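Knowing the structure of chain Y, use the given hints to seat chain A on it.
What follows is the residue order along each chain.
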Amino acid sequence: MSESKTPLLDDLEKGQWPSFVTEIKKMAETKPMAQDLLSLLELSYKDKRGYWKHGGLVGIMGYGGGVIGRYTEKPEEFPGVREFHTMRLNQPSGWFYTTKALRTVCDIWEVKGSGLTNMHGATGDIILLGTTTDQLQPLFNAYSNEGFDLGGSGSNLRTPSCCCGMARCEYACIDTMDLCHNLTNHYQDELHRPMWPYKSKIKISGCPNDCVGAIARSDFAILGTWRDDLRIDQAAVREYVEKGLDIQEIVIDRCPTSALNWDGNELQFKSEECVRCMHCINTMSKAIRTGVDKGATILVGGKAPILQSAFLGWVIVPFMKMEKENDYQEFKDFVEKAWEWWDEEAKVRERIGETICRLGMRNFLRAVELEPIPQMIFKPRTNPYVFWWPEDLN
Amino acid sequence: MSALTEAQIDEITKKGEQKSITDIGPPFYGDMLPQIIKDNYGKWKYHEIPKSGLLVHTSETGDKLYTVRVGSPRLVSINFIREICDFADKYCDGHLRFTSRYNVELLLSDKDKVEPLIAELKEKGFVVGGTGNCVANIVHTQGWVHCHSAATDASGVVKVVMDELFEYFTSMKLPAKMKIALACCLNMCGAVHCSDIAILGIHRVAPTVDHEAVKNTCELPAVIASCPTAAIRPNPKLKSVTIKEERCMYCGNCFTVCPAIHIVNPENDGISIWVGGKVSNARSTPAFSHLAIPFIPNNPPRWPEVVDAVKKLVELWKDNAKKGERMGEWIDRIGWERFFKVAELPFTDKHIDDFTFAYTTFRATTQFKW
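Protein chains in written order, with the working numbering: chain Y, 1 to 394; chain A, 1 to 370.
Worth flagging that the hints you see were computed from the coordinates, not collected in a lab. No experiment lies behind these values; they were computed from the predicted model shown. Quick reminder that beta carbons are idealized off the backbone N, C-alpha and C, glycines included. Hints should not be assumed to be uniformly reliable.
Cut-off 25 Å, straight-line C-alpha distance, at most; resulting in silico cross-link-like pairs (BS3-like, lysine-lysine) [what the hints assert, rightly or not]:
1. Lys324/Y x Lys337/Y
2. Lys294/Y x Lys38/A
3. Lys350/A x Lys48/Y
4. Lys350/A x Lys14/Y
5. Lys237/A x Lys286/Y
Now the in silico label distances, taken between C-beta atoms and shown as ranges [unchecked claim]:
6. Lys113/A x Leu365/Y: 37 to 43 Å
7. Lys324/Y x His211/A: 54 to 60 Å
8. Asn363/Y x Glu305/A: 44 to 50 Å
9. Lys5/Y x Phe362/A: 37 to 43 Å
10. Leu365/Y x Glu305/A: 45 to 51 Å
11. Met376/Y x Phe357/A: 14 to 20 Å
12. Met376/Y x Phe362/A: 24 to 30 Å
13. Lys322/A x Lys337/Y: 17 to 23 Å
14. Asp63/A x Gly264/Y: 31 to 37 Å
One chain only, chain Y, in its complex shape (with noise of 0.2 Å):
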């Protein structure tokens, strides 16, 4: 047997975690372009840095973004990653799939890719990685022709995600993977065209437990919640109890707003005082469930550092219904009212936030037609340095 090439790499084959090196070199049997990946990486580790070069323009007929260009610093002694484009697939509603439409992505991917992806990538598309410039084109024939289309990339509305909402979630307030579709399919031009001051995201999760970070990554963040009382089911409660749950410690002293009393029989209740944390029925989902008047608080602003720092999204509109029946209109009005004046005052590279901090949030109010309320707000300000409208003064 001959010596390794890639004795680095090939230490990363041990270990109990499944190891992203075997994948490569299962694709590197049979795909000279996987066979350089793994050279040019085991050549990354030694030297302690990558060898990629900037990403550079390639494209796909109608569209201004989906793919990216990517070429190796290195192409004559690794001719296989010479060109390694990525190609975005917009991933269905909930990363649901049937065997049949995963087989296609991957028997079209082995004949005109690297056989390698992401499963999934950070905006929520499947990730093709690595293929060449002329099998662009061809690639994304083969896969519209199958049903798929390509994601974002680009100063422009990035795919939009959700979790699995309704489909296999209790805690759900709103239909996420409906929405989810509904907005990517009706956005399909901001998607695919990139026309804007930078990036765009939104992230849909169906309650405050926000298990796809969009209060943290998307520049609008759709949270499910609702506004009436908790349904709680005392018989259930004091199952959970008598099974053993330290409801005192647990549930009640960890309630953020004291909101809860036990009282060794029944669960009370001060509905008035509950932030709709999910703390209660995190731990007792069999017996505390969320309201019934359900809708979205919608945040704006979620971002990572660059450049003024990273941001969480603000409450914007504390609650919002999502009415399937009337096409989610009034999200899309206010979207579309946040996208205008974003699209006109930013500076290039300015996500929307940085617009907002940057030009006061009474100018964004004002833009989509909002009255403030003291729920968009931690505390008022303390600095006097107070901006008047014209129509304030006498």
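For chain A alone, coordinates are given in the frame of chain Y:
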């Protein structure tokens, strides 16, 4: 099931070319759902986690859905996907899903098939777990596998950390969930900034400018405007730009705008560790992660110093947190000054913020612990 032949794929490709359609949108999720989910959509009542890797959802109709969760390295070959499909065909009527943290979920309506499925998965080397109070699968970015701005690898670091914490993925013995995330540079494609433990690749040296290339490939006003600290000035003589090194905070934004500016520096790039963030609204509000360890050099292939640091943080939290307390909730209870003491981590000037929100983190009270 046999794969499509090359001839069949040629035909599909031709058909697609002839149709020449755009903007069809994603496949309809409704076509992807198993019957039990179609029957119980929006009717789920509660769920239980009888053991690690197994969720049981009960519907108002009385139906029960069994979910077996399988760990994945995210970077997977089509062979992996096909193998998972084989399981789904054999046990789940051809249905499965992926989670937001890359796990595969096999969905069963027949209770009797659950244990045979888990047994066969384990026999074939798949890992089952990732539920409840566990170390969840690590969200991560591309790293040296596929990115131009990476300050460290992603998949490799994730692999070695998960190897070390493996027992916590396949069990539920932690005080609460432990969500770790890794981003290979400050762009944070994975948005790791709200994680219990964030592993973040960082650059530490101002970029170098290839003046000849800048002249030909970059728009100077865009490059200058891209710098948040105004460290980039025009250099009219060279028709290029000059970087004022003492102002640079190594964010790499200029490099993103202009490929002729190079930020990669193997001797000085490496990893920082951040703790105490979360995205969930449960109990405490969502929170950012805070700096715990400013720098650990890249040490491939197994980054032992990073693994050791993460392992120590997880063990410390496990031994000291109350039941149900996330990393950040535990630290908030004891205070950051106490955290640095018990974690035996040196506190340095790197830990004190000097950017947008800096002053909100300075202690404006006489109250503190020793």
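Okay, the hints, checked on the actual structure:
1. Lys324/Y x Lys337/Y: Within the cut-off at roughly 20 Å; holds.
2. Lys294/Y x Lys38/A: 21 Å, holds
3. Lys350/A x Lys48/Y: 24 Å, holds
4. Lys350/A x Lys14/Y: This hinted pair is violated, its Cα atoms lying about 35 Å apart.
5. Lys237/A x Lys286/Y: 72 Å, violated
6. Lys113/A x Leu365/Y: 37 to 43 Å: 54 Å Cβ-Cβ, so the 37 to 43 Å window is violated.
7. Lys324/Y x His211/A: 54 to 60 Å: Because 57 Å falls inside the window, the suggested range holds.
8. Asn363/Y x Glu305/A: 44 to 50 Å: 48 Å, holds
9. Lys5/Y x Phe362/A: 37 to 43 Å: 53 Å, violated
10. Leu365/Y x Glu305/A: 45 to 51 Å: 48 Å, holds
11. Met376/Y x Phe357/A: 14 to 20 Å: This hint holds: roughly 19 Å between Cβ atoms.
12. Met376/Y x Phe362/A: 24 to 30 Å: 26 Å, holds
13. Lys322/A x Lys337/Y: 17 to 23 Å: 45 Å, violated
14. Asp63/A x Gly264/Y: 31 to 37 Å: Holds, since Asp63/A and Gly264/Y (Cβ atoms, about 35 Å apart) stay within the stated range.
Figure legend: structure checked against the earlier numbered hints; hints not met, in rising order: 4, 5, 6, 9 and 13.
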